[in-house]
Each structure stands twice: as structure tokens, then as C-alpha cells.
Amino acid sequence: MSILVNKNTRLVVQGITGNEGIFHTQQMQAYGTNVVAGVTPGKGGEWVLDKIPVFDSMKMAVEATGANTSIIFVPARFASDAMYEAADANIPLIVTITEGIPVQDMMRVRNYLDQKKIRLVGPNCPGLLTPGEAKVGIIHGDIAIPGSIGVVSRSGTLTYEVLYALKLIGKGVSTCVGIGGDPINGTNFIDALSLFEADPYTEKVVLIGEIGGSDEEKAAAFIAKFMTKPVVSFIAGQTAPPGKRMGHAGAIVEGGSGLAADKVKALEAAGVRVAKHPEEIPQLL
Amino acid sequence: MKLHEYQSKQYFSKFGIPIPKGRVASSADEARAIAEELGTRVVIKSQVLVGGRGKAGGIRLAKTPQEAQEVATQILAMEIKGLPVRKVLVDEASNINQEIYLGITNDRAERKPVMMASSAGGVEIEEVARTTPEKIIKVHIDPLLGLKDYQARDIAAGIDLPREHWRAFGQIANGLWRAYSESDATLAEINPLVITSDNHLLALDGKMVLDDNALFRHPDLAEMRDLDAEVGSEIEARKYGLSFIKLDGNIGCMVNGAGLAMTTMDIIKLFGGEPANFLDIGGGAGAEKVAAALRIILSDSNVKAILFNIFGGITRCDEVAHGIVEALGEVNTKVPMVIRLVGTNAEEGRQILSDANMITAETLADAARKAVAAASGKVVEGGK
Numbered sequence: 001m002s003i004l005v006n007k008n009t010r011l012v013v014q015g016i017t018g019n020e021g022i023f024h025t026q027q028m029q030a031y032g033t034n035v036v037a038g039v040t041p042g043k044g045g046e047w048v049l050d051k052i053p054v055f056d057s058m059k060m061a062v063e064a065t066g067a068n069t070s071i072i073f074v075p076a077r078f079a080s081d082a083m084y085e086a087a088d089a090n091i092p093l094i095v096t097i098t099e100g101i102p103v104q105d106m107m108r109v110r111n112y113l114d115q116k117k118i119r120l121v122g123p124n125c126p127g128l129l130t131p132g133e134a135k136v137g138i139i140h141g142d143i144a145i146p147g148s149i150g151v152v153s154r155s156g157t158l159t160y161e162v163l164y165a166l167k168l169i170g171k172g173v174s175t176c177v178g179i180g181g182d183p184i185n186g187t188n189f190i191d192a193l194s195l196f197e198a199d200p201y202t203e204k205v206v207l208i209g210e211i212g213g214s215d216e217e218k219a220a221a222f223i224a225k226f227m228t229k230p231v232v233s234f235i236a237g238q239t240a241p242p243g244k245r246m247g248h249a250g251a252i253v254e255g256g257s258g259l260a261a262d263k264v265k266a267l268e269a270a271g272v273r274v275a276k277h278p279e280e281i282p283q284l285l
Numbered sequence: 001m002k003l004h005e006y007q008s009k010q011y012f013s014k015f016g017i018p019i020p021k022g023r024v025a026s027s028a029d030e031a032r033a034i035a036e037e038l039g040t041r042v043v044i045k046s047q048v049l050v051g052g053r054g055k056a057g058g059i060r061l062a063k064t065p066q067e068a069q070e071v072a073t074q075i076l077a078m079e080i081k082g083l084p085v086r087k088v089l090v091d092e093a094s095n096i097n098q099e100i101y102l103g104i105t106n107d108r109a110e111r112k113p114v115m116m117a118s119s120a121g122g123v124e125i126e127e128v129a130r131t132t133p134e135k136i137i138k139v140h141i142d143p144l145l146g147l148k149d150y151q152a153r154d155i156a157a158g159i160d161l162p163r164e165h166w167r168a169f170g171q172i173a174n175g176l177w178r179a180y181s182e183s184d185a186t187l188a189e190i191n192p193l194v195i196t197s198d199n200h201l202l203a204l205d206g207k208m209v210l211d212d213n214a215l216f217r218h219p220d221l222a223e224m225r226d227l228d229a230e231v232g233s234e235i236e237a238r239k240y241g242l243s244f245i246k247l248d249g250n251i252g253c254m255v256n257g258a259g260l261a262m263t264t265m266d267i268i269k270l271f272g273g274e275p276a277n278f279l280d281i282g283g284g285a286g287a288e289k290v291a292a293a294l295r296i297i298l299s300d301s302n303v304k305a306i307l308f309n310i311f312g313g314i315t316r317c318d319e320v321a322h323g324i325v326e327a328l329g330e331v332n333t334k335v336p337m338v339i340r341l342v343g344t345n346a347e348e349g350r351q352i353l354s355d356a357n358m359i360t361a362e363t364l365a366d367a368a369r370k371a372v373a374a375a376s377g378k379v380v381e382g383g384k
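So the sequence lines, in the order shown, correspond to chains A and B.
Under the working numbering, the first sequence has 42 at position 42, and the numbering climbs by one with no breaks.
Under the working numbering, the second sequence has 209 at position 209, and the numbering climbs by one with no breaks.
Don't read these hints as lab results, they were simulated from the structure.
Here a beta-carbon is modelled for each residue, glycine too, at the ideal position from N, C-alpha and C.
Careful, some of the hints might be misleading.
Restricting the straight-line Cα-Cα distance to at most 20 Å, the calculated cross-link-like pairs of lysine-lysine (PhoX-like) are [said to hold, decoys possible]:
1) 117/A x 112/B
2) 244/A x 246/B
3) 276/A x 269/B
4) 244/A x 269/B
5) 55/B x 21/B
6) 244/A x 2/B
Between beta-carbon pairs, the in silico distance windows are [said to hold, decoys possible]:
7) 203/A x 302/B: 42 to 48 Å
8) 198/A x 228/B: 50 to 56 Å
9) 111/A x 232/B: 37 to 43 Å
Given only the sequences and the hints, what does the whole structure look like? Please build it.
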């Protein structure tokens, strides 16, 4: 009952020996995720948390462990190299948590991954959570329970807010996908929506957007045309001043485009119910 | 990060883009000396990081060195849209036959750089896009391959540039592509690129915006940052790796995560308050960062209440709580504070804060309501 990650996920952690890498590897493993390997160049042969082998390269990690998903915690200046390495090791799904990767790096990475037909989630995202099965990311596992609601979001902590509000009224989640707050990312709203539409266990979808770009408007057009499952939404940044980057590199109203009001309008026109604040979402479902 | 016109043009010239003879001056005497050196009519251009310099009287011609000195004196005394003019560019004046627009920016939707050109140069490209969009030629560039010569020719043909200029135009387009990609720019623009009366192409004005996330690769460019165009508290916040934007309201916000920070502002407004700032303390924020953030919020005398909204993920609530306690030890304040901690180590965080005099809240709506009430001077339940 999920998309992208589940019990069959065999995860390799790139940057496993860094502070965040270790902390979240422990959390992911404690949640039940099958973490099969870690990669830190120069630390091959070491072990992490007693039973996870560390390799010098992705190629070696994949050959030795059959990893099928990668998560990246390496610092921004090395993150694009980590993504190329994962792609060249033929990992079909890469999840990049790292924030602050240069935009031109991401344009090259994205175009390269597209050519190899490799799926990227992120960067600058909280990753994926399929409650009860696997967590590939940094979402606090306790805040969601298994269920039939698909969640897709450009934000991190705002997503936790929504998951938590759902849990409080006993509603569960099929999979939560954090697509990230960067202007150039991998999986977008439409990609996630079509996966949820095809997933027999997902009954409804929550879409959490924010100012900047036009992905929400495109999602609205997709919903109107292809989605049979109901979609509820929230858009952050109603009070954001124009021309200012609101924390996320991609959250900026430029030249009058990317406004929250326009996104709300487009979504409502597509039949999406848009919440005034995130705690209203459970009622709208 | 924006570069000034003179910085952008100097950078462009490294890549073979022809620019007018000229130099930047910080005083009227220097401006006069440059005009004497050039020995011709000059144009004196204010160097400030805002648009509309011409309309504001910040770009003027001078026929003689004496006039250059007078004009520079006047321009250097100006403020344009609130920014002081500290430097003027003194360029040889050109006789113009035609003005062209040429720029490269990131196209988010296509995930590729896009080169744009228009025969309607000299006006802002946004204005052209609104009024005569058919005059804009767009060519997407494969970020893995770079600009191809045929693409530059297509653009030249697309804007009806006479064939005799195609070769020079191709060199300029290629130079602009290299300037854009080698500096990690998000915008590199020549507006106008002119055909002079003696039939040469010349980049009269230049503009570059650089990707802040890539400045680590360009320490020489990072040094060019002009802090005049930035708010003091925002500069201070950047030192600590905080993402902070000052707003006009009276409820300070400290939040982890950009989306949640925006949402916290939105919900304050929804419940009748006005946020004083956007602040994302980031993932994994430790005590020192939190203390710095609190000092920055409190440096705004409009702030009548502070709302802490921390949803632990990478950020651990106990660390944030330590930071708050530490900061409260340093700054003496009577501003009421509403706090909401949820997620990683929230219980430990609440324990740490149990002795601090803070108003606690369970939900986001509850927190916003309490912060709005506290800012308007009401006594709020939930405190110790």
C-alpha cells in the first residue's frame, strides 16, 4: 500500500559517516527500513551501527548488497557528484536530502538523470515515508500511521505538521513524498499524483505547495484532466513579500508570477479543496 | 547576489564581449580624470542595485571633463529608491543605430538555461513580454552541452539581425553563455546590446545575478557583494546561516523549515495578527544559532510577542530549547513568548523549558491565537 518505497526497499546511504548520515541511518533502521549499505569515500571497510558495511564507492556498494534505492546526506558542494555516482551505479531511485545545491548543478544533474531514466526525489527535501513499511528520509516516523491518504509536498516541517494533524484524528497515510523546495528538482507534483492515482491503496491525496514557480498550476491542470481520486491542498506563502526568497531557493514571487493566490485559484478551479491552514486539512478530507 | 553594472560588464569583457571604454569612480574628481583620459563625450551612470536609474536621473551625458565633474557631483549625492549612490561608471558615449536585448536565465519549468533575445532592446524584458511577446526569441540550452553556434545563429536570424553582424553576435552570445555558466549566474543580461553608428556591436549595459548557493566556488565574485541593498538584520542573520526576512508586523516568528515558517506567518495573519519576520532556523539548528536568531528578532523594537514553532525532524527540540534558555540568559526581555514543540525530542525540550516563563501551545492554530492575543497586550493562559 505505497508508492516508491516499501518493504522491498534496499537502501544505501551516501554520506553515512557524517553527523546527519549516522543519526538518520539509525532512525531509518529503527523504523524498519532495510539499510543495506553506506558509502563514504575513504572509509570503505568500516562498519556503522554494528551491521551496516561502509564502501568507498556506490559501484562497490551496489554490487555487494543489491541496493535499489539511495539516500544522499552529503554536503551541497559534493551532492551533485554523489547523484552522478548513484546514477552511474544504476540505482533506479535517488533521494537527495541535501539543501543548498547550486541551481546550475541541479540543471545538469536533472538532465543527466532524465537521459538515464532514473528517478530523483528532492533535493532539499525530507524524503519518503511509507508508514509501517519504510522510511527513506528524515520524517519523524512517529507522526504518521499507515492508511490510504497519499501526501506530496514541497516542504519538510510543514509536511510533518499535516501528517501529525492526520494522525491526531486517526487518519493514515499510504506514502508521503517530500519533493523539496528547490527551483530544479526531480519528482514533481504531477509525477507523484500519477503514482498515487495508479496506486490501488491510495484513496485520497493531499498536495502541499508554496509560492514560486508554476508546478501547482500544472498539477491543477493534471488533476482536472486525469485524477479520479479527490485532492485536498494547502499553499504556503500567502503573506510572503514579492522578490524575496522565502528560505527555500524555489519559494519566490518573481515578476508577479508564483503567487499563492494564483495557485489556490488554479487548484480550486480543478475541483481541489484548499485549506486555509494546515490543521484544516483533515476536515476537508 | 546582484552585481553592479560595472562589475557585470567587466566580467563579460573577460569572455570577449565588447564593452565601452570607461571606468568606475567614487568621486567627482575621479570622474573628471576619467573623462579627460577618454577625451570624448561620456555618459555618467549611477551604480546602484535597483532598476529605473535612467528615469530617476541617475544616468546622464557630459560633453566635457568639467561637465563630467558637475554631473558626477550631482549623481553621487543622489539616493535612488532609498539606496545611496556611492559609485558612478564613466563610459565613452556611443552613437546608437539599434538596441537589442540579450540575456540568459534559468527556466525552472524546462529545467534548462534559456537564452532570450529581442529586437526591442533598452526596455525591460518583462515589459516586452507583456506588450509584444512575439518580439522575444527563446532558445533553451542543454546544460550538459552548452550553447551551440547554430543556436546563436537562430537567435540572430530570429531578431532580424543583419547577416553582417551574425559572426560578432555569435561570439557575444557564446561569451555570455560562458560568463553565465562559469559564474553560476541565475541571470546574465546585456540590455541594450547596441549596433553603433560605425556598425559595431557593443554591450552598453550589463546585469548579473549570482546563485548564493554557488558562491563558495567564486570567492572573488562573493567579495563584490554590496551590503547597501540589504537590511542590517538580514546580513546579521546570514552570518549565522539563518534565513531571515524582515517584515512590518509585530509578532516575531522563529520556526524550523521554510514552508512551516511561511505557514506560521500566514496563520498569524489569518488570526488577525501581523508577522514581524520570516525566519527559518534551518535543519539541525543548535543552541548557538537559536540564541542568535532570538537576538535578531528582539533587535526589532516593533516586536510585541514571539511565536516559536518547532517541529522536530533533523532539528531536535531539546537543542532548540537549550538555545532559547541560553539566549534568555543573555537578553533581558519582557516580550511574551509562545512556544510549540512537536516531534524529535519534544518532551525533553519541554522539560528544559519548564522553568522559563513561556506560554505553551499544542496546535498551530492555538499557538497563533495566543501569539496574536499576547501581542495586543492580553494576558494569555498557558503560561507558568
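Taking the hints in turn, this is what the structure says about them:
no. : hint                      : result
1   : 117/A x 112/B             : holds (17 Å)
2   : 244/A x 246/B             : holds (10 Å)
3   : 276/A x 269/B             : holds (11 Å)
4   : 244/A x 269/B             : holds (18 Å)
5   : 55/B x 21/B               : violated (24 Å)
6   : 244/A x 2/B               : holds (13 Å)
7   : 203/A x 302/B: 42 to 48 Å : holds (46 Å)
8   : 198/A x 228/B: 50 to 56 Å : holds (53 Å)
9   : 111/A x 232/B: 37 to 43 Å : holds (40 Å)
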